[in-house]
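Protein chains in written order, with this note's numbering: chain A, 1 to 359; chain B, 1 to 359; chain C, 1 to 622; chain D, 1 to 622.
Some hints here could point you the wrong way.
Unchecked claim - Simulated crosslink set (BS3-like; lysine-lysine; CA at most 27 Å straight-line):
1) K37/A with K444/C
2) K211/A with K70/A
3) K161/C with K170/B
4) K161/D with K210/D
5) K204/A with K70/A
6) K154/D with K104/D
7) K70/B with K398/D
8) K193/C with K170/B
9) K197/D with K170/A
10) K228/D with K497/D
11) K7/D with K197/D
12) K170/A with K170/B
As the list claims (entries may be wrong) - Stretch-level coverage of chain A by chain D, calculated; a stretch enters the list once three of its residues show a Cβ under 8 Å from a Cβ in chain D:
13) 120-129
14) 147-157
15) 270-284
None of these hints come from the bench; they were simulated from the model.
Where a beta carbon is used, it is the ideal one built from N, C-alpha and C, also for glycine.
One-letter residues, chain by chain:
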Amino acid sequence: MQENGKMPTLSEKPPVGRIFGGDGENGEAKLTASSFKTDQDIRWCPGCGDYSILAQTQRIMPDLGIPREKTVFLSGIGCSSRFPYYMNTYGFHSIHGRAPAFATGLKTARPELDVWLITGDGDALSIGGNHLIHLLRRNLNIQVLLFNNQIYGLTKGQYSPTSEQGKVTKSTPYGSLDHPFNPSAVALGADGTFVARSLDRDPKHMQAMLKRAHAHAGTSLVEVYQNCNIFNDGAFFEFTESASKPFRSLFVEHGKPLLFENGKKGIRLEGLKPVVVSLEEDGFSVDDCIVYDETSRELATIITRMFDATMPRPFGVFYVENRPTYDQQVAEQMEEVLQKRGKGSLASLLNSGDTWEVQ
Amino acid sequence: MQENGKMPTLSEKPPVGRIFGGDGENGEAKLTASSFKTDQDIRWCPGCGDYSILAQTQRIMPDLGIPREKTVFLSGIGCSSRFPYYMNTYGFHSIHGRAPAFATGLKTARPELDVWLITGDGDALSIGGNHLIHLLRRNLNIQVLLFNNQIYGLTKGQYSPTSEQGKVTKSTPYGSLDHPFNPSAVALGADGTFVARSLDRDPKHMQAMLKRAHAHAGTSLVEVYQNCNIFNDGAFFEFTESASKPFRSLFVEHGKPLLFENGKKGIRLEGLKPVVVSLEEDGFSVDDCIVYDETSRELATIITRMFDATMPRPFGVFYVENRPTYDQQVAEQMEEVLQKRGKGSLASLLNSGDTWEVQ
Amino acid sequence: MELAIQKPVTSLDEVTILFAGDSGDGMQLTGTQFTLATALALNDLATLPDFPAEIRAPQGTTYGVSAFQIHFGSKDIHTPGDDVNLLVAMNPAALKVNLHRVRKGGTLLVNSDAFGKRDLDLAKYTENPFENGSLDGFQVIKVPFTTLTYEALKPYGLDKKTMDRTKNMFALGLCLWMYSRPIEPIQKLIAQKFAKKPQIVEINTTVLQKGWNYGETTEAIAVRYLVKPSSQLPKGTYRSIHGNEAIALGLAAVADRGDLDVLYASYPITPASDILHQVSGLKHFGIKTVQAEDEIAAVGAAIGASFGGVLGVTGTSGPGLALKMEAIGLAVMTELPLVVVDVQRGGPSTGLPTKTEQADLLQAMYGRNGEAPVCVLAASTPGDCFYMTYEACRIASKYMTPVILLTDGYLANGAEPWLIPDVETLRPFASPFVTEPNAMVNNKATFHPYVRDSETLARPWAKPGTPGLEHRIGGIEKADGVGNVSYDPDNHHFMVKRRAEKVQRIQQEIPTTDILGDPSGELLVVGWGGTRGAIEAAVSNLREKGLRVSAIHLRHLNPLPPDLSDIFKGFRQYLVPELNNGQLVRVLRDQYLLNFIPYDKIQGQPFKSSEIEGKILEMVSS
Amino acid sequence: MELAIQKPVTSLDEVTILFAGDSGDGMQLTGTQFTLATALALNDLATLPDFPAEIRAPQGTTYGVSAFQIHFGSKDIHTPGDDVNLLVAMNPAALKVNLHRVRKGGTLLVNSDAFGKRDLDLAKYTENPFENGSLDGFQVIKVPFTTLTYEALKPYGLDKKTMDRTKNMFALGLCLWMYSRPIEPIQKLIAQKFAKKPQIVEINTTVLQKGWNYGETTEAIAVRYLVKPSSQLPKGTYRSIHGNEAIALGLAAVADRGDLDVLYASYPITPASDILHQVSGLKHFGIKTVQAEDEIAAVGAAIGASFGGVLGVTGTSGPGLALKMEAIGLAVMTELPLVVVDVQRGGPSTGLPTKTEQADLLQAMYGRNGEAPVCVLAASTPGDCFYMTYEACRIASKYMTPVILLTDGYLANGAEPWLIPDVETLRPFASPFVTEPNAMVNNKATFHPYVRDSETLARPWAKPGTPGLEHRIGGIEKADGVGNVSYDPDNHHFMVKRRAEKVQRIQQEIPTTDILGDPSGELLVVGWGGTRGAIEAAVSNLREKGLRVSAIHLRHLNPLPPDLSDIFKGFRQYLVPELNNGQLVRVLRDQYLLNFIPYDKIQGQPFKSSEIEGKILEMVSS
Ligand SMILES: Cc1ncc(C[n+]2csc(CCOP(=O)(O)OP(=O)(O)O)c2C)c(N)n1
Ligand SMILES: Cc1ncc(C[n+]2csc(CCOP(=O)(O)OP(=O)(O)O)c2C)c(N)n1
Ligand code: SF4
Ligand code: SF4
Ligand SMILES: [Mg+2]
Ligand SMILES: [Mg+2]
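Looking at chain A on its own, in the form it has when it is part of the complex (with noise of 0.2 Å):
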């Protein structure tokens, strides 16, 4: 019955005497990058931006130290959203839009999962934009990535709530007329506490978000510059090629000076507004230019905020905050109660109020 005729291997032993769900010998936890690989052909384009989170993704997961079977990969749908099929632990994929409502059900129930949340430009911010921003005021302790191709993939090829304006798409022959959102700053305005960006074609950059990520208790986002090279190709190639890489990307790191193309120019606060300056011509020099905080939410704001031509593009992360989580305060008012009420017993809860009886 299956498509392509032929059944399932299994990549793994028996689940006997074991401590992690890894795939050494003898149940000891030895698990790799591929580890996390399952059986499933990958059906993304040759040349997705897609392939590049997974690997990145499964790269990291043995750092973590989370065991494969306490770990959930969710998604709503999109070629994006296709991702937990290609991760060797628990996966749901979902509805288009939903998946932070099954995550904060997923986590209110069982916080002691460590949910992962896969989702698109469109899934994420055009039909599921009100669930991601509820997810990010409650901050369920998540991870969230967000693989922005500013484009529709799966449905091929119409603009999405991240494409610019004027974007002539199958859908919009004379162009787009909307504003499209600035992710970042969605996030910030729904009280985020974990806003990160990162790109596909940065390796190295993506692991490190991906790890940030993982070690925040909270919600995290952190969105990916991911290149469609069916429907949007090279959307991100200013950011992330080397030849313009270097001028048109801003790496940000908190107790860092905001500095680009390879130290020559950095950013300054005018008041409220970042500048461009630079170090070799102005008179301006590293101390004139921003020590990055990520814990300050204003400044997360006004960087975030560059997102014209005339500025680099921040990647990084922008902005962290502690704030307790849902799914832990659910679990401690839970505890409470159960301390001050006890154990409830179906009898007397059933016999409650006024009673009388019948002889």
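Let chain A serve as the given structure and place chains B, C and D with the ligands on it in line with the hints.
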């Protein structure tokens, strides 16, 4: 068949020779607040803040110079959303959370109409959050009045996405755990072009805000703090009642310094943080205070984030941006295509592509 | 109490009383307390509140009227009563709105203090109803409740507002007297309720007593009534229960007996919100609640929980059910357990949100894209909501399927005396989780999520966290057994049939259908949901009169009970009364190709048993 | 071309060809061009593309196979063909996936250059199919398309990639030769298409010609076929049309003939997205498009437009329809016109998104809360999508009602030759807007939005901007006539019945049902939607064989045509073939209490006419 067994009475003369839908004799345009009243009994609880918002709206309508028949009030579901029944204009009481979607279609189809959207904190920010943020980014030229009572009124008192954390309500006997939205921050994050806040108990201010909202070309979001005297009585009294209002409320105005407590205190920026300074004790003067600039998104973001007990709560127009409206752009694009291609001929459209004859 | 014997006492089999007043008049409380006194008098009873649609309508208006109806008797009571014997009207609006519910010759007990010009105006009475003959044919008893209450409270020096709020106690006391109910239990109740506020206790009991005494002394009331204890009530401990409350208790029972954690996720909507309110107080039973941002998020959270091995339950009403349908389809495809409670209200669209209706049945059966069969159950009385909730959860987890449980506004808010079940008699759930691989591939143990149980056809439920059972599911068609994505045409056909067959197998769980009356006869009434009481009252009545009618009441709507074909063979005609425009009737006609006749009432109100009687008579005599 | 006479030519009535290759092999283009050549040869024809579910699957894999089927003949052609006469397979994956569709004895034309070890591995062939006997019983023609293309293009010094992309032209040329189709029209077409790129034109026509010539010269092919022009085609100008394209044209017709502005709002979803794509190019017809943030927003925008006096239309597929249901209920209550196109795909849930199915009928009929009847129409061929779209808009605005138009993936992507209608023959719409008050209250003219037209029961449509018609509508129950909010029980019952009656009155618009065959007989096949071709082919065939079977095809599903009862009287048995688990059959059984027999195929693929023939034979012979 009508509930109260009575037929509606006519509050206007037949539309013969009229310019405006006014109620003056001989068709001249003498609109007054009561021209905008309907014959429907108002069914809000006695004492509800909604009455004031309705009154202020009816009061400013004649000044706007828009005929009644060109005005549409559109709403979702909630106590607040009954508003259209009380406005003698065209009106549409739709379904929960979707008013921005109806408004988008209406205004795109008929850009010449003056569209007002009435919504509540649940309607707009809970079920309707996605439509609201998409409305804001698209920037349809309509006015949105968000009645924020920090509670679900119509469903009899559950906490809402703007309720403070820890709130004990019918659905949270042990206190709510969800971190609330800051509606202005959500709107700014979603690239809203007009963001303001007012209070049900400050008629003058509200009238001013409504007029400014109407004057803005684009989606104008006016959040109105509205007392629900049944389920959340006094939620905003610290900001509205004369004993505390001067200390707890800060009225921002473009080009004016941020002062409160009758000018005794002001808001100064320390780095990117707003701080309260006393102009009497701390050695600061008015000149040290922020002069408000409603065109600065950075400043708006900083000021709207003043949300805890240590800072006064800001009211007024926080942000204004001029950006082409969606409806206007659609109209322009339609016109351009028409110019370029000429009015479409159905016969030639049907006959386009490869055709052949059967004789 | 010695005085009680002074007036003649008439014995009655059954009585219907309607308490009606302004929203602020405390009619719900009055009704509830009278109910308790009636229960303690061992009558059978049924009650129905009637809230205004507005939160707080302006005082004195017709749309601000709040009412509470109670029907009690020494015989079996099935409904809150067709026609009212006694209407207690605290103001003109209450009289105006409810007069049509009083039977000819019935009694109107009115607060004569509340019929001033302003009061009449507010109620939009153009004439005084006492003067224009409109109350002819009723027995009118005017009592100045307000004045008498003020008098009783004079010693306490209270403000007007407080005194006004107490006049319902006067009415209650008087009614207790009229129906020969002891006053002590209510006094005790008040004392308990306000244990921390002795003054409140005192003023309430004082006024209550005054009302009672007034009955003894007034000339206006000549007779008392007595309704003897019912002899048909099964033995045991009883309480009063509302449908929504019963659902919450049902979930507590699942958490307790089912060895299953439960997560209840919901977005408030009338008339389902109370379920959330009740369940949110059950944290010490291990039940978590999520108030979601909308209905889609709520069902999503429930499904997410179920994927995590915690039974996801969500509750809503019609418009919310519509929004949940796409996600319910996902639960069908991923074969996860899910319980969706739909408390039906008047539709379409926002409709009549505070009124009852049964118009979501076809939506529940068919309202999803593609072939997405789910189990559909319906509770038939407030107390039955408890059992059906438990059953819904049991079936959902046993068959790995979504279950939609239909109740309605009438069941949700109506109450009945409920024989408290012995918790030990509730079937414990079989532990639903698998812990071991179920397949060998290339000599290695592995887990195939779509290998089915041969009896139920359920797929295995593997809890994340269980090593070796890692697997991936989703909304795309699944390959039989292995559960991978499959576009294979034959597999699709097979899986569609399989999912349908699985739901069909739930017939195994359905008990034999009870027939009210003989297993054969002239006419069979087929009902479902909250109309049970009215149908049973009608059929019992007509049977007593010798008609060959019987009734069955369906609680399992998909699949239908397996014994229906046989039952239908015993009858010549079939009547299907529904509070909709004919929905179950369509399902039955399709399935059995018999001429089921619809009988509809779409007024936001339950059937009167007399209406059903009338329809039956029309059919059997024609 | 003189050479053409050298090989024997066999005449055939009909032929089915399947072009199959990798997604990158240009099979859709090849198919389309062959189709045009066939149309110009005046054959009747039907085509069906078969896209892979993946956007770009890795080259050479089975799930990356893209195919295009064409069925043509000198007689009436109803379907894209049951079994394939000629399979053109550009690689092993294409052969593997499609072999089962080729009839025994059929021909396999394969690119022999593409069967290396690596190619076979990619297609997961463990053995070479040419060597293991698996192709026994087929006529295998191996042609080294790649080598021959390279040879032909040697003079141009092109890169490999460009040459590879041209080999489909070789196949096309050869096929044109095999079926005696002229090559010139295709050359002309290529020249037009790439007018600005002369080199492309040259290399394509060169390879095309080589393919043709190869047919003449190769020993491998001994026979040519000739399919004579069809004599049954009505006269006129034809074009090829897909269902989705036809919907867009239908909307243009509405905007042109209907004197109505149109707003099309949609959220992309397979297989409906193309409607949005097409309509977005029609701005010069006055049609605005909105790509909404989701399906709810799309239907909301459409309803908002309709409220504004601009006809709102929205298109989607099953999961999206589920999401729109709550809002459609609002359009029912507010009685605003609305057209919802549902291009059905395989379900439930995400299901088989690129495959066809008919499993949303019951959802369309019943999938809303409360009693919310809407008009349901279904298109039966790609070209019929044009007429049914027009009809849907006409009914929606005339009856002030939502109309759901059902099509499916097969209609959406399938194409047929379409006789271009004379635009003058399309009925213009009556102007739907009121401009004057319609009631007098206290001697003043006023507007009551729920006063109905006596013929259609439609309420008046008043455009905002019209002075004196200011009014307010919404989702709460409306008072008859005046249209204010009403909680009155009798009014609700009345309005529910009224809305149902209004939809029922659409029967007035339904033409007499065409019967294929005699009006009486042994068996009547009742179909709907995209199965029309297969049913008609089967019934025509069996009638030719003397069987007393007839068929009707429903395009109006709610309300059903008024003449069905009478038609059913003429037959002894009824068969209802559907691409679902039995949906129309339920509606018919319920409505007519006759023993309609379902025949289902739930494989994401259309019926073969032979399947339906088989079922009919089983029924009439048993
Ligand atoms: C309810 C629903 N609406 C629409 C679709 C169709 N759909 C599938 S994916 C998608 C958008 C994909 O874009 P994105 O989320 O950016 O993912 P990508 O494919 O680009 O990775 C759409 C519109 C659907 N599957 N379900
Ligand atoms: C689809 C749907 N879900 C839920 C409801 C129930 N409901 C009506 S209003 C409301 C929230 C009201 O809160 P808000 O928007 O703040 O308005 P308010 O009543 O406070 O003015 C809810 C949950 C509904 N009518 N429809
Ligand atoms: S369509 Fe684009 S996003 Fe989707 S798999 Fe292909 S390249 Fe990737
Ligand atoms: S419930 Fe609250 S918000 Fe609603 S009408 Fe009453 S006071 Fe106003
Ligand atoms: Mg995308
Ligand atoms: Mg509110």
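Proposed proximity, K104/D with K154/D (alpha carbon, max 27 Å):
It is violated: about 38 Å lies between the C-alpha atoms, which goes past 27 Å.
If you draw a straight line from the CA of K204/A to the CA of K70/A, is it 27 Å or shorter?
Distance of about 25 Å is within 27 Å: holds.
Does K170/B sit within 27 Å of K193/C, going by the straight-line distance between their CA atoms?
holds, 19 Å
Run the distance test for K211/A versus K70/A: straight-line Cα separation, threshold 27 Å.
holds, 17 Å
Hey, K7/D versus K197/D, does the alpha-carbon distance stay inside 27 Å?
violated, 36 Å
In terms of beta carbon proximity below 8 Å, does the stretch 120-129 of chain A have 3 or more residues touching chain D?
Our answer is that it holds, as 3 residues pass the Cβ test (under 8 Å) against chain D, meeting three.
Next pair to validate is K170/A with K170/B; report whether the Cα-Cα distance is within 27 Å.
With Cα atoms ~49 Å apart, K170/A and K170/B exceed 27 Å; violated.
Would you check chain D against the stretch 270-284 of chain A, counting CB to CB pairs closer than 8 Å, and say if three or more residues qualify?
Violated: only 0 residues of the stretch 270-284 of chain A have a Cβ under 8 Å from chain D.
Given the hint that K228/D pairs with K497/D, test it: the Cα-Cα distance must not exceed 27 Å.
Since the Cα atoms of K228/D and K497/D sit roughly 57 Å apart, the hinted pair is violated (cutoff 27 Å).
What's the verdict on K197/D and K170/A, does the C-alpha distance respect the 27 Å limit or exceed it?
holds, 23 Å
Quick one, are K161/D and K210/D close enough, alpha carbons at most 27 Å?
holds, 19 Å
Please verify the coverage claim for the stretch 147-157 of chain A: does it have three or more residues whose C-beta sits within 8 Å of some C-beta in chain D?
Coverage by chain D holds here, the residue count being 5 at a Cβ distance below 8 Å.
Hints 6, 10, 11, 12 and 15 from the earlier list are contradicted by this structure; the remaining hints agree with it.
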